[in-house]
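> Given chain C, put chains Z, F and S in place with the hints provided.
4 protein chains.
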Amino acid sequence: MLIWWGHKAHKLVEDKIVDRVQQRVLEGMGLLVLHSGHHSKIFKRMMGTTANIRWAERGEMERVWVCNPGHPIAEGLGEYFEIEMTEMYGEPFQVPAPDETVFVSWFEGGEVFRSGLCYKRGNGKIFYFRPGHESYPVYYNKDVQRVIKNSIHWVCPEKTSGLWIDRIAKGIDNMERKDPVQPIEVKGYQVDHNYKK
Amino acid sequence: MLIWWGHKAHKLVEDKIVDRVQQRVLEGMGLLVLHSGHHSKIFKRMMGTTANIRWAERGEMERVWVCNPGHPIAEGLGEYFEIEMTEMYGEPFQVPAPDETVFVSWFEGGEVFRSGLCYKRGNGKIFYFRPGHESYPVYYNKDVQRVIKNSIHWVCPEKTSGLWIDRIAKGIDNMERKDPVQPIEVKGYQVDHNYKK
Amino acid sequence: MLIWWGHKAHKLVEDKIVDRVQQRVLEGMGLLVLHSGHHSKIFKRMMGTTANIRWAERGEMERVWVCNPGHPIAEGLGEYFEIEMTEMYGEPFQVPAPDETVFVSWFEGGEVFRSGLCYKRGNGKIFYFRPGHESYPVYYNKDVQRVIKNSIHWVCPEKTSGLWIDRIAKGIDNMERKDPVQPIEVKGYQVDHNYKK
Amino acid sequence: MLIWWGHKAHKLVEDKIVDRVQQRVLEGMGLLVLHSGHHSKIFKRMMGTTANIRWAERGEMERVWVCNPGHPIAEGLGEYFEIEMTEMYGEPFQVPAPDETVFVSWFEGGEVFRSGLCYKRGNGKIFYFRPGHESYPVYYNKDVQRVIKNSIHWVCPEKTSGLWIDRIAKGIDNMERKDPVQPIEVKGYQVDHNYKK
Chain C
0 MLIWWGHKAH
10 KLVEDKIVDR
20 VQQRVLEGMG
30 LLVLHSGHHS
40 KIFKRMMGTT
50 ANIRWAERGE
60 MERVWVCNPG
70 HPIAEGLGEY
80 FEIEMTEMYG
90 EPFQVPAPDE
100 TVFVSWFEGG
110 EVFRSGLCYK
120 RGNGKIFYFR
130 PGHESYPVYY
140 NKDVQRVIKN
150 SIHWVCPEKT
160 SGLWIDRIAK
170 GIDNMERKDP
180 VQPIEVKGYQ
190 VDHNYKK
Chain Z
0 MLIWWGHKAH
10 KLVEDKIVDR
20 VQQRVLEGMG
30 LLVLHSGHHS
40 KIFKRMMGTT
50 ANIRWAERGE
60 MERVWVCNPG
70 HPIAEGLGEY
80 FEIEMTEMYG
90 EPFQVPAPDE
100 TVFVSWFEGG
110 EVFRSGLCYK
120 RGNGKIFYFR
130 PGHESYPVYY
140 NKDVQRVIKN
150 SIHWVCPEKT
160 SGLWIDRIAK
170 GIDNMERKDP
180 VQPIEVKGYQ
190 VDHNYKK
Chain F
0 MLIWWGHKAH
10 KLVEDKIVDR
20 VQQRVLEGMG
30 LLVLHSGHHS
40 KIFKRMMGTT
50 ANIRWAERGE
60 MERVWVCNPG
70 HPIAEGLGEY
80 FEIEMTEMYG
90 EPFQVPAPDE
100 TVFVSWFEGG
110 EVFRSGLCYK
120 RGNGKIFYFR
130 PGHESYPVYY
140 NKDVQRVIKN
150 SIHWVCPEKT
160 SGLWIDRIAK
170 GIDNMERKDP
180 VQPIEVKGYQ
190 VDHNYKK
Chain S
0 MLIWWGHKAH
10 KLVEDKIVDR
20 VQQRVLEGMG
30 LLVLHSGHHS
40 KIFKRMMGTT
50 ANIRWAERGE
60 MERVWVCNPG
70 HPIAEGLGEY
80 FEIEMTEMYG
90 EPFQVPAPDE
100 TVFVSWFEGG
110 EVFRSGLCYK
120 RGNGKIFYFR
130 PGHESYPVYY
140 NKDVQRVIKN
150 SIHWVCPEKT
160 SGLWIDRIAK
170 GIDNMERKDP
180 VQPIEVKGYQ
190 VDHNYKK
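Chains as they are written, first to last, in numbering that gives the first Met the number 0: chain C, 0 to 196; chain Z, 0 to 196; chain F, 0 to 196; chain S, 0 to 196.
Looking at chain C on its own, in the form it has when it is part of the complex (with noise of 0.2 Å):
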């Protein structure tokens, strides 16, 4: 699995990285995205959105909800947990509905944000967890560190034999099924496509 988390250098990531990585993720290889990893272009790749949110940094106490208590990523958390310090990150959080929300974070300042989202894109998990961060000692929190612990396991693919591999991606085939899997007449008109000399 791959955790990415990244801050102001997203625009650096070669597009070349990204198609890798995708390919990797619908290949089934888990996908953990932290923080500001949000606007990574790995995340929105995958996302089809801008993944765009509001933000603030005036080190505010959160609070993250368990919406799911019996989520394997929320394993040995109470009903909730504090972080003394964050960045806030508010509502609207542009991406599509996840399979499951497991978390929605309470901030202080008076926001709130779905702060753990679930997806799966072909063969891979992804899971969006919102803390962190670059200053306030956010990773230094025993039950942030749980919650990447707990996630780093459940994005895995579940078996690790026979993964899916992209015929296409990979140049083995261009998919074209050339006999028909129940025997047929070919009829209509007979298109001569380039592609085919």
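Don't take every hint at face value.
One copy or two, either will do: identical chains are not told apart, so a pair holds if it fits within one copy or between any two.
Said to hold, decoys possible - Taking lysine to aspartate or glutamate and the DMTMM-like style, the derived pairs with C-alpha atoms no more than 20 Å apart in a straight line are:
no. : residue 1 : residue 2
1   : K40       : E157
2   : K10       : D172
3   : K40       : E78
4   : K148      : E78
5   : K141      : E78
6   : K169      : E184
7   : K40       : E13
8   : K119      : E99
9   : K40       : D18
10  : K177      : E56
11  : K148      : E99
12  : K40       : D14
13  : K148      : E74
14  : K177      : E26
15  : K119      : E26
16  : K158      : D142
17  : K186      : E83
18  : K119      : D98
19  : K119      : E157
Just so you know, these hints were derived from the structure itself, not from any lab.
Only chains Z, F and S this time, still in chain C's reference frame:
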């Protein structure tokens, strides 16, 4: 709303155009993607996947089944409709799980395909409709025409006033919330971000 | 469409009524469920879950945030609206993942709740809207009234003609397909089903 | 986990049993529903819909296509597998949009069906698998057996410790939060609820 159909020149569409169409879809513009448009840059952008399929050109018969007979896109159709000669598209179709599967196709040659898929991204509705071809006379089929007509209406925004504007994309705002909604004291490490200078 | 709000007499609603409302929703009738209607038989029936929540009556302030500013249900609202005194509902809210989360609430007492949730079941649209109370004056709030008005329009079927009829429920049909769509020979063991006698 | 298959005696299952199975599924127990189990009380309860289908018994051939070749439930299968003689189930299948469509079936008689559907409700995973019959020898088919085996593993909870307990259903708690998480003053009208006496 926008109808998108392309065949072999997908790569010639400039990324700038794709960026602008994506932004408009997220703001609320409907998008109807037809047949080989599944491999267009804009559809792959909105999906976050490859949209790869299996295919074959044998002029085979396609029977398109309605999975939700009360869906506005299926209005006026019977339980199914048939297309005399068509290019086959087969599963796996690599797209995110749709909000709704309106059509599933049965092909004479023994394959199946999820032929009508609904998505919402941001405020934009997206419908993918499989039938179509550059040489078989699919777009003369009355039921195909009916579905296209119905889906044009369905993808349009339900309200035309008050559509959301992407203030970041438009350069109006960086979405920082300058003042807290709930009065709080700023605390924690004051970070000197270059982007604030 | 139908608005459902109840408080303490949920159990007095007869199952026959619930059956009939469910059937009409599946056929296309919109359903708007308010506040404590989350524990109504019809809402639990449509969700397939308990719809359990956390709650407290302390007259606290609720700030309802808009997660999708372009959604028809949010038309005419600002980024958020506030309710002066309310009963708190807190996560976890045990419902299936919604098609869209339109509102998330921030409570003065430190909790959060997914306050506006969209579902589609059969051909019926369902919207759950949290605010409301039997004693706090929540339904006098202009923004609450606006959301109720918007959502009444949103849950209504997009087309009024050609709604799907549940032929089994209506006793018209047992949905056996008497003749094959594609000509085939019957084979295999002929089973003597009592229900055919 | 629990496998549920029934045919004609669905109505004989007591509602009390259904209540208890539902509660255990929401708490995390996997549920695999086979073939005509689509009309079982427990499946309809979990779905919130009628689960109605089209059907015919003609011993026709079914070809089950894999829509996501990397899904754990499809492990060890090829692109498709065939069942020599089967009862046909045809669309529309009235269920909520699934989290994932793993299989779609092609029938000799010209119909299609979404044959493998994944759901999550509460903490429980649910898989519906169409193939099966009370007289055609479907459950002797090696690939059908493989899917059943794979899906038994898939529906099981990822973590066995720390599963969520439904405290209301168990009579432990009415889920009132006695003390606010964030210190606040109680305000507003004090209501005399009978249920508090």
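> Does each hint hold? Answer for all of them.
Okay, the hints, checked on the actual structure:
| no. | hint | result |
| --- | --- | --- |
| 1 | K40 - E157 | neither (26 Å within a copy, 30 Å between copies) |
| 2 | K10 - D172 | between (32 Å within a copy, 19 Å between copies) |
| 3 | K40 - E78 | neither (33 Å within a copy, 27 Å between copies) |
| 4 | K148 - E78 | within (18 Å within a copy, 34 Å between copies) |
| 5 | K141 - E78 | within (15 Å within a copy, 33 Å between copies) |
| 6 | K169 - E184 | neither (32 Å within a copy, 43 Å between copies) |
| 7 | K40 - E13 | both (9 Å within a copy, 18 Å between copies) |
| 8 | K119 - E99 | both (10 Å within a copy, 9 Å between copies) |
| 9 | K40 - D18 | both (10 Å within a copy, 13 Å between copies) |
| 10 | K177 - E56 | between (58 Å within a copy, 9 Å between copies) |
| 11 | K148 - E99 | within (18 Å within a copy, 26 Å between copies) |
| 12 | K40 - D14 | both (8 Å within a copy, 14 Å between copies) |
| 13 | K148 - E74 | within (10 Å within a copy, 27 Å between copies) |
| 14 | K177 - E26 | neither (24 Å within a copy, 42 Å between copies) |
| 15 | K119 - E26 | within (11 Å within a copy, 22 Å between copies) |
| 16 | K158 - D142 | between (28 Å within a copy, 18 Å between copies) |
| 17 | K186 - E83 | between (70 Å within a copy, 10 Å between copies) |
| 18 | K119 - D98 | both (7 Å within a copy, 9 Å between copies) |
| 19 | K119 - E157 | both (13 Å within a copy, 16 Å between copies) |
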